[in-house]
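> Model the placement of chain F on the given structure of chain D, informed by the hints.
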Amino acid sequence: MKHLRPVNKKADRIVQTAALMEEDVVALQQQPRPHVPMGCTLSFSPGWEVDAGGGTAGLCQPVERDIYDCYVTCFWPVQVADHVNYSSDWAANCAVATKDWRNLDLVFP
Amino acid sequence: MTSMTALTSGHYRRGEMHEFQAADQPFVYLVSAGAIFALDEGAHAVLRRLEHEQLSHADLVQALLDTGYDRTDAEDLIRELLFVNGIVSDAVRPAIALAPQTPPADFPLQALVLNITNQCNLACTYCYEFGDDKIATPRGKPKYMSLETARASVDFLLEKSAGANGAHITFFGGETLMNFKLLRDVVLYAREQAGAKGRTIGFSLTTNATLLTDEIIAFLSEQEIGVTVSMDGPPDLQDKRRVYKSGKGSYAVIEPRLRKLIAQHRTRAITARVTLTDGVTDVIRIYRHLKDDLGFHEVGFAPVTNSGERDYMIDDSGMDDVLAQFHELADEWLEHALRGQMHGFSNVSETIGELIQGVNKSHPCGAGLGLLGVSPSGDLSPCHRFTDADTHTLGHISIGIDQDKRQDFLSRGHVSAKYECQSCWARPLCAGGCHHEAFVRYGDTGHANLHYCDWIRQWTDTCLRIYGAVSVQNPEFLERFAARKGLS
Chain D
171 MKHLRPVNKK ADRIVQTAAL MEEDVVALQQ QPRPHVPMGC TLSFSPGWEV
221 DAGGGTAGLC QPVERDIYDC YVTCFWPVQV ADHVNYSSDW AANCAVATKD
271 WRNLDLVFP
Chain F
1112 MTSMTALTSG HYRRGEMHEF QAADQPFVYL VSAGAIFALD EGAHAVLRRL
1162 EHEQLSHADL VQALLDTGYD RTDAEDLIRE LLFVNGIVSD AVRPAIALAP
1212 QTPPADFPLQ ALVLNITNQC NLACTYCYEF GDDKIATPRG KPKYMSLETA
1262 RASVDFLLEK SAGANGAHIT FFGGETLMNF KLLRDVVLYA REQAGAKGRT
1312 IGFSLTTNAT LLTDEIIAFL SEQEIGVTVS MDGPPDLQDK RRVYKSGKGS
1362 YAVIEPRLRK LIAQHRTRAI TARVTLTDGV TDVIRIYRHL KDDLGFHEVG
1412 FAPVTNSGER DYMIDDSGMD DVLAQFHELA DEWLEHALRG QMHGFSNVSE
1462 TIGELIQGVN KSHPCGAGLG LLGVSPSGDL SPCHRFTDAD THTLGHISIG
1512 IDQDKRQDFL SRGHVSAKYE CQSCWARPLC AGGCHHEAFV RYGDTGHANL
1562 HYCDWIRQWT DTCLRIYGAV SVQNPEFLER FAARKGLS
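Going line by line, the protein sequences match chains D and F. All you need for this note's numbering is the position in the first sequence, starting with 1, plus 170. All you need for this note's numbering is the position in the second sequence, starting with 1, plus 1111.
Chain D on its own, in the form it takes in the complex (with noise of 0.2 Å):
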C-alpha cells in the first residue's frame, strides 16, 4: 500500500492480505519461489518418478506411492491427471497401486 502506512499488528495482516489479493496464483508459489515439495520433481524423462539428480536412488516414497502423491496431494506441475477439478476418479480402479496400476487410462479432456 502507497498511501496507508499500517500501524499495529492487525493493519499489517490487512496489508498482508491485500498483497496477496494483488499477485496472481502461480505454480509452486510458496517461498522461496519455485517452491518444490520434498519428493516432487518437476520432470517428465522418462517419467517423472526421478529424484532431483536425474535418478532413482534419492526418491523419498517409493514410485507407486507417488502416484496418490502427486494426484491427490498436488495436482501441479506434474503430469498426472487433475483430482481436484477434472478427473475426481481417475484411480477408482486402482486400489493397490503396485496390482492395479495398468487400471490407470489416459485422461481425454
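Note that these hints are calculated values from the structure, not bench results. None of the values given here were measured: they were computed from a predicted structure. There's no promise every hint is true.
Across the chosen pairs, the derived CB separations fall in these ranges [to be verified]:
1) F/Gly1306 <-> D/Asp275: 57 to 63 Å
2) F/Gly1306 <-> D/Val266: 45 to 51 Å
3) F/Gly1554 <-> D/Glu192: 48 to 54 Å
4) D/Ala197 <-> F/Gly1309: 39 to 45 Å
5) D/Leu198 <-> F/Ala1307: 42 to 48 Å
6) F/Arg1262 <-> D/Glu192: 54 to 60 Å
7) F/Asp1513 <-> D/Asp275: 57 to 63 Å
8) F/Asp1572 <-> D/Glu192: 28 to 34 Å
9) F/Pro1219 <-> D/Ala197: 36 to 42 Å
10) D/Glu192 <-> F/Arg1159: 24 to 30 Å
Here are the computed lysine-lysine pairs in the DSSO-like style, where the Cα-Cα straight-line distance is at most 27 Å [claimed, not checked]:
11) F/Lys1596 <-> D/Lys179
12) F/Lys1292 <-> F/Lys1252
13) D/Lys179 <-> F/Lys1472
14) F/Lys1254 <-> F/Lys1356
15) F/Lys1254 <-> F/Lys1359
Note that beta-carbon positions come from the ideal geometry of N, C-alpha and C, so glycine has one too.
Then chain F, alone, in the frame of chain D:
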C-alpha cells in the same frame, strides 16, 4: 478480489473509524478491524472530501485529478481505502454482522481465579463483596476453600487447558493471605501436576498486604508469584475507606510490609491497584506516592464499582478531575516512551498493549471464556467478582461447566448484543465494559456500561494519540514493549 477492484457504480462514504492526529500526522483507527493506519495527504484528503457528502467513483476520481493526482494513482488510492474499509461503497452489500456466537464447549481455559477464602480482615466501605452493592450470598457456604476443592480446581484447569502452553492461577479473596497455608499447598501441588504433564503454570495473587510476613514474601519471590496490592494511596487517602472493622485505618500496618515486599520480591512485578472514590481522586499524588515513595513497579486506577446511588461514588465533576490527571500521567508515559523508558501507569500500558495487537473483542474480558472464578465451596462463576453469588454460578468444580448457563452469560455479554455499542468507535477495545459493573449498575451483565462511555472514548483517544506519536518517533519502543508484554 471484489474488494480490491475499484467500483464504478454506487457512491462512496467514509467507513466506520476514529481519526486522530499524532506527531503532526493524520491517523485512522478502523473500527471493523481494530487496525491503525497512518494516512498520507491524499488519503486524508479523501476522508475530508467525504466528510459531509457521498461521491460517485467518477466524482471522487475527478476530485483527486483536480488536486494534481494522475488517474492511476487516484484509482490506487481509492482501491486501498476501500480494501481497508476506510471508505465503503453502497454498491457493495456489507457483510452480515455476525450474530452472537457462543464459543465451542471445549474453548480452552487459560486461567482460574481461586477465591481461597471469602473472609477478610478489613472492612473497606466500598467493597463489592461485602459493601452495599454486594451480590455474593455466602450464608451457609464454606468460608475457606478446602485442599480437596483446590486440588480439584488445579486438575480441572490442567485438563481444560490441555494443548495450551501455559496456564495461570490467580489467588483471590476475601483477603487471600488469610488462607496462605492453602495457597502454599496449591502452588506446590500445581507445580508438581503441571511438571508431570510437561506443562508450565504461573501464579499471581491479590492482597491487602496487612498479613504479609517475611516467610510469605520469601515464598512468593521463590515461587515467582506476581503480586497485586489493593491500596488507595498515602495515609490520609488509604485510611479513608480501607479500614478495619473497628474503623482504624490500615496504612500504618501495611507500609513496612510493602517496603519489605518490594525490596525482597524481585522475581515478578509488584503492582498497586487503586480504587478511586469520592474524596480519593488525587490521582497524581497517589501515583507519586505508590510509584516513587513505596516503589511499586506499576500502578493502575479504576473508579469504584457501584449502583450509582452510593455516597462513596465519584460524581461527574470528580470524574472530569480524574480524567484531567490521567491525561497528565499519560503525557508523562509518552515522554518516557520517547526516551525509551517504561512508565508505571498501567492504565496506559494496558491499552497500548491492546492497540499493538489491534484487538477486536467479542466480549469485554475473558470471564466465562478463558477465565473462570472458583468460590471456596467450589462453585464456578464467570470471574472472581461473581464469587458466591447464587444467581451467577456457571457450574461446580466437581461436575464442570454448566454449558447452558455459560451460553446465556456469553450471549448477553457479546458486544453485538449491546445496542448502544453498535455506533461507538471504541467498541473493539471496550465491548461494553465489565460484566459485573453492568450487573451492579443495571441488573444485567449484558448491559453496556453507559455511565462511562464518554470517559472510555476520551481515554481511548488519548491512548491512540500516544500510540501514534510513539509509532512515528520511537517505533522500536513499541517492539520492545510488545516483546516485554509477551505480545510478539
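> Given the hint of 36 to 42 Å, is the C-beta distance from F/Pro1219 to D/Ala197 inside that range or not?
Between F/Pro1219 and D/Ala197, where Cβ atoms are some 38 Å apart, the hint holds.
> Is the straight-line distance between the alpha-carbon of F/Lys1596 and that of D/Lys179 27 Å or less?
Holds, because 14 Å separates the two Cα atoms, which is no more than 27 Å.
> Do F/Gly1306 and D/Asp275 keep their Cβ atoms within the hinted range of 57 to 63 Å?
holds, 59 Å
> Given the hint that F/Lys1254 pairs with F/Lys1359, does the C-alpha gap stay at or below 27 Å?
holds, 24 Å
> Indicate whether the distance between the beta carbons of F/Gly1554 and D/Glu192 respects the range 48 to 54 Å.
Holds, at about 51 Å.
> Compare the distance between the alpha carbons of F/Lys1254 and F/Lys1356 with 27 Å, and conclude whether the hinted pair is satisfied.
holds, 18 Å
> Would you mind confirming whether the straight-line C-alpha gap from D/Lys179 to F/Lys1472 stays at or under 27 Å?
holds, 15 Å
> Is it true that the C-beta distance of F/Gly1306 to D/Val266 lies inside 45 to 51 Å, as the hint says?
holds, 48 Å
> Straight-line Cα separation of F/Lys1292 and F/Lys1252 no greater than 27 Å?
Answer holds: F/Lys1292 to F/Lys1252 is near 20 Å, not above 27 Å.
> Are F/Arg1262 and D/Glu192 spaced within 54 to 60 Å by their CB atoms?
With Cβ atoms ~56 Å apart, the hint holds.
> Could you see if the CB distance from D/Glu192 to F/Arg1159 stays within 24 to 30 Å?
holds, 27 Å
> Could you check the hint for me, namely that F/Asp1513 and D/Asp275 are 57 to 63 Å apart, CB to CB?
holds, 59 Å
When each numbered hint is compared with the structure, no violation occurs for any of them.
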